[in-house]
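Q: Quick note, the sequences are listed as chains A and B, same order.
Position one of the first sequence corresponds to residue 1 (full-length UniProt numbering), numbered consecutively onward.
Position one of the second sequence corresponds to residue 1 (full-length UniProt numbering), numbered consecutively onward.
Keep in mind that the hints were calculated from the coordinates and are not lab data.
Because the structure is a prediction, the values reported are computed rather than measured.
Not one of these hints is a red herring.
Beta-carbon label-pair distances, calculated as ranges:
1) B:211 <-> A:42: 38 to 44 Å
2) B:29 <-> A:91: 24 to 30 Å
3) B:192 <-> A:91: 53 to 59 Å
4) B:143 <-> A:131: 57 to 63 Å
5) A:131 <-> B:207: 57 to 63 Å
6) B:29 <-> A:84: 17 to 23 Å
7) B:11 <-> A:81: 23 to 29 Å
8) B:193 <-> A:36: 45 to 51 Å
9) B:247 <-> A:101: 40 to 46 Å
10) B:145 <-> A:42: 39 to 45 Å
A virtual CB, placed ideally from N, CA and C, is assigned to each residue, including glycine.
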Amino acid sequence: MTGLLGGNGAGKTTTISMLLGLLLPTAGRIEVLGVDMVRHRHAVLPRMNFSSPYVELPHRLTVRENLTVYGHLYGLSGVKRRVEELAEHLDLTRFLERPSGGLSAGQKTRVALAKALLNRPEVLLLDEPTASLDPDTADWIRTYLERYRQETGATVLLASHNMLEVDRLCDEVLMMRQGRIVDRGTPAALLARYGRGSLEEVFLDIARARTAGEATDREPADAAE
Amino acid sequence: MTSTALHPNPTFSPRRVGAMVLRYWYLLRGSWPRFLELAYWPTMQMILWGFINQFMASSSNWVANGAGVLVSAVLLWDVLFRGQLGVSVSFLEEMWSRNLGHLFVSPLRPGEWVVSLFTMSLIRTIIGVVPAALLAIPFFGYSVFSLGLPLAAFFVNLILLGWSLGLLIVAMILRYGMGAEGLAWIVVFMLAPISAVYYPVSVLPEWLQWVALSLPSSHVFEGMRAVLFGGAMRWDHLAWAVGLNAVYMALCTWVFLYSFKQARVRGALLQTGE
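Just chain B, with the same shape it has in the complex (with noise of 0.2 Å):
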């Protein structure tokens, strides 16, 4: 018996991360209303958010003098949402279908079965919130991507840290079971209030402030706002946002690897499903 058919077995191998993205491509593909779902919320978001700037604009100097400041702020928060939603939606297609027995008894190792759920988180971000920032334009008459190169900073800080609390969601529901499930839609959410979405970190209680500032996504929103009302880049709130976010980044990667462990320690990665 010759097993001639076989590659090595890499530690990591960017084929196995292209398999697994092959997966949630097939899924995706084959599933309009998924399509139509992704870029549905921001699309509503968008709109919502852009009425809300045009009302504002005319009552509020605030407002008036930070073109696009809501719509920018919207949009920017959904590649949080969709970021974290990507990876805990694609697990929970696993989960789903009860496939994790069969995913790892093949070579797939965590490692890069995680670097697929960010590469599809990647893909849905980009097709939900791509088609609402530009229907802004025609919409509203404005442009996120007026924003510049330090839209890119942004869009990467807060993708990492929907990438971060993703895989912490897939460390709760490996360790809790599906029971854990609803806190893929919710979780991210906690964080809004904090998050100086809307409106800046300053508004907030000042014991409130120093745990909105333990946030890389209010690092960003400052910094959108930075950009919009004075042109500048607010090089520090950039620092700061980088740095939390190999924090939590390192933090939630060892939590899932825990989680992963235990799940081989209790058997759950066979049983685990609906």
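In isolation and in its complexed conformation, chain A is listed as follows (with noise of 0.2 Å):
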């Protein structure tokens, strides 16, 4: 699991847009699985999914109703099958007949998981999946990805603010400041290269634009500032 950290604006969901080709890109190229995801992101895409708070399903349909329409789009088999387990699994049963715009901000979030997991994606992207979530819920949440991530051996993507989530799910960690990636290594890797106690504070140094070097040399972080 690979972490995008960076401030507002870094490029995080933009990167995220592109890696799903929502968004072409100006220069260069994009590859998943192999594939160029400009000209033959089809190719792709039943094989990726992505789950945004911000990108929300229709709220007038059923839970059931949007999570059978996404599973034939995804070209399933065994739909309704399918739809019954990822609610077992993601405690929606009881919601699966409410219209998805009547559910609380957490089980929205279960919501679009389980549609972003129907198709069993190779390549999973998450933006900032916990956010406004309370801490029980956004725990709950991360440890189904950390099971589903074992389980299935997928990759994943997560986009995030939230430098504990980040600590806890990530093997990686990829830092962004004004649309380019400034560094990257291990949770671990950071904190040494940083001389820091916690990923916030080398947060904060990459987004107030300190070097590794200069970080060292200064501590605290916000007192330095």
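Reconstruct the complex from the two isolated chains, following the hints.
A: So, in structure tokens, the structure goes:
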């Protein structure tokens, strides 16, 4: 699982949009699972999926209807069975006949995750999957994602502002600023390189354009401003 | 990690078209006011023009000689209007629910989506216009179905023009955002005065007649009157309607695909909505 970190406007959502083929890059190439996403994205889209609290599912359709429609779009066999299986895994069974728009933020996040897992994606892109969730629900989601990753071996790209989440879930972190990857490494390697005790301090160093060398000369990060 | 539950990803998948039709059907069946709205205006229009037809028949030989000419005209006009609206409104449902982002990261292709919009337009038009056409029989003793086989040709040509207009409106909304939403309800009425719906093309000033004859709808309504007044099918009008429809459909499809690609360039598919 790879974390995508950066301040507001750093380019995380833009990166995810380009990886999904929703946004055409102005330069360069994008390959997912060895496929050129600009020219042949339809060859790989059935093997990918995406979830974001900022792109909701149609409110007036029930949870079951939404998941059924997407199950057919992804060409699943046994759509009804898969929907019920995911509803059970994500504790959504009692909400299946409820309109998606009437659910709480935590329930909507679980429905969005169910939609994102319908096709058992090999590449899963998550844009702030626990934004605006209470700590208990957020922890539940993180645990589920950890289990999914372990069971399937899927590649997960996680854009998040939650450093604890990234520290817990991610094997590698990409740090972004102004549309560029300015640093990368395991959470432990980044902490060591910047001489910090938490990813949040590393994030502040990078957001404030301090290099690893400069950061190790200052302590603590916020006191230096 | 395997994806054995997945089928191959064909260039065109009827199943994905069906999934989108299902999505719009779920929306429609979940709301009886939407059903009512579909049939309400065509029925009201038919009743209004039915009474006008009855009144005019008593004072005008032209109307008297063409039984139900105004009722037929209003019902066929509604085919064009509902056909266009069926495409535009189904598209707007995606904009209102901010669902385009999810749809276009799924394997759904633009062409499949367009076919599903056309299918829903056909369903919505039938739900809207057929009850009005059936009610005209007991209300005014006139059946539009008495037009016979030509009715099918008129219907097909008008709904095709409605789809072309619908695609054009979708393209405009993709380009200019929800600020262009109002176009869905007004664009078709720009065609009404020059489509010769209730009067012949010859009524128009000469320069405007050329504009009118560049529309498939004018040829359909001229053809309808030829059947009602003389009983003869005007094949020349039908040929013009088919040819013009082919041109407009090709043009509007190109404009739609161009706008869709531009929306990807701007990243608008993820951000469009209210």
